[in-house]
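J.: Below are the chains, spelled out letter by letter.
Protein chains: 2
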Amino acid sequence: MTAEDVPPRRGRGRRPADEVRADILSTTGQLLLEEGIADLTFDRIARLAGVSKTTLYKWWPSRGALALDGYFHAVEDTLAFPDTGDIRADLVSQLHAFVALMTETAGGSALLQLIGEAQTDAELAASYRALYSTERRRLAVERLTRAQEASQIRPDVDVRVLVDQLWGSVYHRLLIPDEPVTPEFATALVDNIMDGVAGA
Amino acid sequence: MTAEDVPPRRGRGRRPADEVRADILSTTGQLLLEEGIADLTFDRIARLAGVSKTTLYKWWPSRGALALDGYFHAVEDTLAFPDTGDIRADLVSQLHAFVALMTETAGGSALLQLIGEAQTDAELAASYRALYSTERRRLAVERLTRAQEASQIRPDVDVRVLVDQLWGSVYHRLLIPDEPVTPEFATALVDNIMDGVAGA
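From first to last, the protein sequence lines are chains A and B. Under full-length UniProt numbering, read the first sequence as residues 1 to 200, first letter to last. Under full-length UniProt numbering, read the second sequence as residues 1 to 200, first letter to last.
Mixed in with the good hints, there may be bad ones.
Said to hold, decoys possible - Example chain B residues on the side facing chain A (calculated, C-beta under 8 Å, incomplete): (1) Lys53; (2) Leu56; (3) Ala126; (4) Tyr128; (5) Leu131; (6) Asp164; (7) Leu189; (8) Asn192.
Stated by the list, open to error - Estimated spans, in silico, between C-beta atoms of each pair: (9) B:Ser93 to A:Asp195: 47 to 55 Å; (10) A:Asp43 to B:Asp121: 50 to 58 Å; (11) A:Asp77 to B:Lys58: 36 to 44 Å.
No lab work stands behind these hints: they were computed from the structure. A virtual CB, placed ideally from N, CA and C, is assigned to each residue, including glycine.
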């Protein structure tokens, strides 16, 4: 079922704000993953979610902000950090899911486009951090910290730096595509960072 | 001396094309490092370098392409890969120079802006790779390969991945600035990748 098939809600009286908000986010996230951002307008989302554009503007300052909020919720399960107790295996499986999402869905390209626009749009850059990246970083750091507490990562390591050397490296290849982003690349990122590359 | 102070060349007859081209690139690179990209127009570069706009369009398809070509040449010495025989020390000093360039010059922000625009401009994306990133990657891989030949990096490591885990990690923090880019961050990138972070 695509977003277009969802019948507009026509209940009597007002729906609770939380429910309306969740509806809008879900409609937006679904559109983003299926189609990308080109045709994602406030007009269309308002129509599909059965709300007014005023409601959208009340909650999100721009379509970029709404897109990021919708995307965050749409990919939250796909990008969850597993905890099987084996940090190496958990990082590999999470990064493989991340690579698949970024290379195989329209949402991946949409995210790269928003990162691009954020370079010259300070308000969008603030929305990007507030509605997407800061929380994604926090979730990664949380899983890495548990691994550190379990002695699977050395205690002197700043795990915030690992976020850039794992997910950040994938973003780098996506944004400046001199080399391909593959599952093998994701596995190599984890191997290099866990084992180190120094020779004998 | 700023680019504005350079007197236009008024020799008799035509200057050799190589010399004209080098002049244009040097004028562009100097402007980028000092002022960034906002006021970098073909009109202004043509005037400063004493050439026609037709000449500029003959050699570069867009001001973005000219900016990238000028930037590459302007930073070539600053970003040279030292070879003292100690890959760890050489990576740290090169990355510190890279971080300083990206955080302390107007050229750094200009580069981020061009990466941003390249996300929705396929021609600029092609210019970015052709005139900047592919060659920067090649130079990094060349130095890393010498370290691998000297047994300072394990033979089974794909050194192309290290480019993303060192310089790519810096780009990631610059493009999505949730955390600061500092010399300490650059040093940690090298320590993590050389030693690995796995616990006992």
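J.: Hints first: check each against the structure and report whether it holds.
T.: Status of the hints after comparison with the structure:
Because the beta carbon of B:Lys53 sits about 25 Å from the nearest beta carbon in chain A, more than 8 Å, this interface hint is broken. Taken as an interface hint, B:Leu56 does not check out: its beta carbon lies about 23 Å from the nearest beta carbon of chain A, beyond 8 Å. The interface hint given for B:Ala126 is violated, since its Cβ lies 10 Å from the closest Cβ of chain A, which is over the 8 Å cut-off. A distance limit of 8 Å between C-beta atoms decides the matter here; for B:Tyr128 the minimum to chain A is near 7 Å, and the interface restraint holds.
With a least beta-carbon distance of about 12 Å to chain A, the hint placing B:Leu131 at the interface is violated under the 8 Å criterion. For B:Asp164, the suggested interface contact is upheld, since its CB lies about 4 Å from the closest CB of chain A, less than 8 Å. Among the interface hints, the one on B:Leu189 holds; its C-beta lies about 7 Å from the nearest C-beta in chain A, closer than the 8 Å criterion. Hint status for B:Asn192 relative to chain A: holds, with the closest Cβ pair at about 6 Å, below 8 Å.
Evaluation of the 47 to 55 Å hint for B:Ser93 and A:Asp195 yields a failure: the beta carbon distance comes to about 25 Å. Checked against the given bound of 50 to 58 Å, the beta carbons of A:Asp43 and B:Asp121, roughly 26 Å apart, lie outside it. In this structure the hint that A:Asp77 and B:Lys58 lie 36 to 44 Å apart at CB is violated, the actual value being about 53 Å.
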